[in-house]
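Chains X and W, in that order, give the protein sequences. Quick note: the first sequence uses our numbering, first residue 19, plus one each step. Quick note: the second sequence uses our numbering, first residue 138, plus one each step.
Because the hints were derived from the structure by calculation, they are not lab data. Watch out, some of these pointers could steer you wrong.
[As the list claims (entries may be wrong)] PhoX-like, lysine-lysine: derived pairs with alpha carbons at most 25 Å apart:
{"#": "1", "chain 1": "W", "residue 1": "263", "chain 2": "X", "residue 2": "94"}
{"#": "2", "chain 1": "X", "residue 1": "43", "chain 2": "X", "residue 2": "94"}
{"#": "3", "chain 1": "W", "residue 1": "263", "chain 2": "X", "residue 2": "40"}
{"#": "4", "chain 1": "X", "residue 1": "114", "chain 2": "W", "residue 2": "347"}
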Amino acid sequence: MQGGEAPVLVCDGLELSFGGLKALKGISFEVRPGEIFGLVGPNGSGKTTTVNVATGFYRPNAGRVRLFGDDITGEKPDRIARRGIARTFQNLALFKGMTVLDNILIGRHIHMNPSALGTLFYWWWAQREEIAQRRIVEDVIEFMQLQDIRDEPVEAIPLGLQKRVELARALVSEPRFLILDEPMAGMNQEEKEYIARFILDAREERGVTILIIEHHMDVVTAICDRAVVLCNGEIIAQGPPRQAIAEPAVIKAYLGERAARRAGMAEVQAPRPSGGEAA
Amino acid sequence: MFYRRSGIRHTRYQDERQLFPLGFDRFLVLAVIGILLAAPFLFDRLYVTGYLLPWLIWSSAALGLNLLMGGAGQVHLGYGAVMAMGAYGSVHLVRFGAPLELAMIAGGLISASIGILFGAAALRVKGIYLAMATLAMQSIVDFVISQTPAISGGALATLQAPPVRFLGISLAGERETYYFALAVCAVITLFMLNVRRTSFGRALAAVREKDYAAEILGVSTLRYKLLAFWVSSFIGGVVGSVLAICYLRAISPDQFHLDLSIQILAMVIVGGLGSVLGPFFGAALVLFAPILINNALGDVLGTFGLSLPIDLRAHLPLMAYGALVIGFLLYEPYGLAKIYSNVRTYLFVWPFRHAQR
Numbered sequence: 019m020q021g022g023e024a025p026v027l028v029c030d031g032l033e034l035s036f037g038g039l040k041a042l043k044g045i046s047f048e049v050r051p052g053e054i055f056g057l058v059g060p061n062g063s064g065k066t067t068t069v070n071v072a073t074g075f076y077r078p079n080a081g082r083v084r085l086f087g088d089d090i091t092g093e094k095p096d097r098i099a100r101r102g103i104a105r106t107f108q109n110l111a112l113f114k115g116m117t118v119l120d121n122i123l124i125g126r127h128i129h130m131n132p133s134a135l136g137t138l139f140y141w142w143w144a145q146r147e148e149i150a151q152r153r154i155v156e157d158v159i160e161f162m163q164l165q166d167i168r169d170e171p172v173e174a175i176p177l178g179l180q181k182r183v184e185l186a187r188a189l190v191s192e193p194r195f196l197i198l199d200e201p202m203a204g205m206n207q208e209e210k211e212y213i214a215r216f217i218l219d220a221r222e223e224r225g226v227t228i229l230i231i232e233h234h235m236d237v238v239t240a241i242c243d244r245a246v247v248l249c250n251g252e253i254i255a256q257g258p259p260r261q262a263i264a265e266p267a268v269i270k271a272y273l274g275e276r277a278a279r280r281a282g283m284a285e286v287q288a289p290r291p292s293g294g295e296a297a
Numbered sequence: 138m139f140y141r142r143s144g145i146r147h148t149r150y151q152d153e154r155q156l157f158p159l160g161f162d163r164f165l166v167l168a169v170i171g172i173l174l175a176a177p178f179l180f181d182r183l184y185v186t187g188y189l190l191p192w193l194i195w196s197s198a199a200l201g202l203n204l205l206m207g208g209a210g211q212v213h214l215g216y217g218a219v220m221a222m223g224a225y226g227s228v229h230l231v232r233f234g235a236p237l238e239l240a241m242i243a244g245g246l247i248s249a250s251i252g253i254l255f256g257a258a259a260l261r262v263k264g265i266y267l268a269m270a271t272l273a274m275q276s277i278v279d280f281v282i283s284q285t286p287a288i289s290g291g292a293l294a295t296l297q298a299p300p301v302r303f304l305g306i307s308l309a310g311e312r313e314t315y316y317f318a319l320a321v322c323a324v325i326t327l328f329m330l331n332v333r334r335t336s337f338g339r340a341l342a343a344v345r346e347k348d349y350a351a352e353i354l355g356v357s358t359l360r361y362k363l364l365a366f367w368v369s370s371f372i373g374g375v376v377g378s379v380l381a382i383c384y385l386r387a388i389s390p391d392q393f394h395l396d397l398s399i400q401i402l403a404m405v406i407v408g409g410l411g412s413v414l415g416p417f418f419g420a421a422l423v424l425f426a427p428i429l430i431n432n433a434l435g436d437v438l439g440t441f442g443l444s445l446p447i448d449l450r451a452h453l454p455l456m457a458y459g460a461l462v463i464g465f466l467l468y469e470p471y472g473l474a475k476i477y478s479n480v481r482t483y484l485f486v487w488p489f490r491h492a493q494r
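Bound conformation, chain W alone:
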């Protein structure tokens, strides 16, 4: 309906390889960007800092993990630990007086250089065994951080992030923080969009699909597996520092435990492996579905004057959320992004039924 290829004639290769060749896609993207830019002026500040800001940060993290899992096909159950290294690294640097721009990059580099060790495991093992290896790494990093006073200040200590400036603008205010997170998210999103049309992304995909065929085409699987871990961990470290400095503002070891890894993993899988749109959908579902279900349940109980046992009342939203995730994955194993693309494909050929893709 809205999507039509007819009338679009590319005369140059760069036109054909542009990110959004269809007019309606471009319109949608611009509309979303416009809403996100205007959000602090449109919505209540509670919604911006309580919902949009974490959504952007968690989506960025899920994008980073998706490069590794969807792009290069390597399982990673320790992404929380990767983010922890970036967060602690950058917070310490900022506390030492380093500018945020440098601290972010340094946080990314710390994560990348340690995260590549996770990748060393990937050279030996695949699939479920790699999952176990990365899980072990998560525990090791957790342990080292919480047991090293020089890093965490002690197992129960909280590390304050001092006020920071980015390119001369103070990030103390909520509005500035939001725009900063939005900018970081935009850069990561652009990178992920471009991955799909460059030789770098194709090499990762080759390693993911058939490593022996990749080898004889000149793609060193060793190099690209490590590179995938490096780049993904770098993104994780940068997002970790954004999370620590802009959102949490005070970090403690328990914020980066396995829970965070699983949460981001869930976002990637529910959203759609290998998709750029998926992490945004996934992050929205994982972050907000429990809250929305909880509110809806409260409304229902309130209007009918019912009451539930207190522990059932607390757990019912989580059960419903779990059922929702299972339901989505049963309906469409490739995630929410695939459901979106099915709708899009349907509209492509509407009113006819059969679409090639």
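Just chain X, same shape as in the assembly:
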């Protein structure tokens, strides 16, 4: 939205290998303030690995990561979290055995002063802080429409809602930059639409910049401002999502050589209204 500001996230020539496997081969891109940035690619192309490097879970073999202009390469995830970044995980990472409310309250951790003594003297030390934070959490619960399940144990609610709780937990830390790793995996159309709406609202109301990893191309083209396509640890296309995913290299990566040739031919020939699905 606001132009001319420093980019939120800059990945500069990231390289990472696990043993003999080169997972990332020089990934460079930048996420600008206020945009919804898509990261797409076939399975095993390095999307989650890129995000894990950006959030400090892996240290890259080469390349730098800059967040809000500061170099954060090799910093620990819990330090990076305090810089105003939040993320969700591909496979849900909620804390079982706790209620939805407590799961979201953990998201406020960086804004609180947890201490054992404060716990012992709860009524004098911790209660005021707990309640102040609770108000903020309740705002997010309302925003994410989780009011009626806030006291449920988190493992007892359906997957679609669990994903929403995880998004709420990420949002409640008031991040300036949010990374969503396949927030719509395993969802039906209605749940997908809900999440897409929440993502758009999060940007509108809270001014969050968002990086989203997603396999649903309809979602990527609908809500992303720009997208990068990865394949085998390399960037094979980038730009506005509709153009990026239409590039022959991308079609080749997803559907194979023959499909790419056919797509290329289809462009040369007169465009047909339908029938692109024929394999």
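With the hints as your guide, set chain W onto chain X.
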């Protein structure tokens, strides 16, 4: 039946986060507190000093271990050693003339500062490997204590705890000792109850459940694992000093061996990991089930005029006790506290069958 949420409407967050929102729970808690306070006047002194006092002390210890195992998910097989450090530290300080208030805190700090080394192992290994590492630490502490004359006075020596005063009240009498142990237990229980509703407890739970997710929320797993060991060991040290000064009154190294660690571990697991009520149930079962079974067996044999071989007679109660523990864990792996909460949940929706929680 007794538990009803209907009619309870919270208008403030602190009301909703209170420890016992239900009227019947509050009534039960007050009743138990009342009985415990009146116990020295109600029951025979043998029951108070022989049963209630050790129950309170062992429950406190199990609560401390439960913070670590149930709260932060770290296995610890050396809690007896942690208590030994607190016991020896505070007894020595008291013998040097330090007031009990200070000696207790110092005992806790000694345990905490050495116990945090156990935690250093937890940063590297998890689960069964951590169990082995803490087991090794138990042996090391045992060895150091018994082989250092300056600490234990020699492997077979017994160290007398001198008479002490707490806040000006002499703890020589049995009644005073009981109230002192009750007060310590109450403070630890309050702490454990509050852990479940503060950011400290949530951070520990986050580390227990998913450490990578905790990290990106800003919870340093390194810090909170060490903190869990620190706080848990502190409680262990304080309880160790209470055990030494109020109950044992004379300590020797063999009182804090692996047996004690396993006993407390059993209390935590049988009682219910992560529960505040569990350690109390667990301590009662582990301490008293063998005695009760033994008495019951004696009664049965007596009334029917039977006699058993002497070694079978000695071991049968222990076998029955072992079977009881296995039975409880098979029936409800989450422990006695979970059985209690199942009953409570059943009563919640009675006469209907289906409860959400």
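Outcome of the hint check:
For the suggested pair residue 263(W) and residue 94(X), the alpha carbons sit about 20 Å apart, so the restraint of at most 25 Å is met. Restraint check for residue 43(X) and residue 94(X): the C-alpha separation of about 22 Å stays at or below 25 Å, so the hint holds. Between the alpha carbons of residue 263(W) and residue 40(X) the distance comes to roughly 29 Å, so the proposed pair goes past 25 Å and is violated. Between the alpha carbons of residue 114(X) and residue 347(W) the distance comes to roughly 9 Å, so the proposed pair stays at or under 25 Å and holds.
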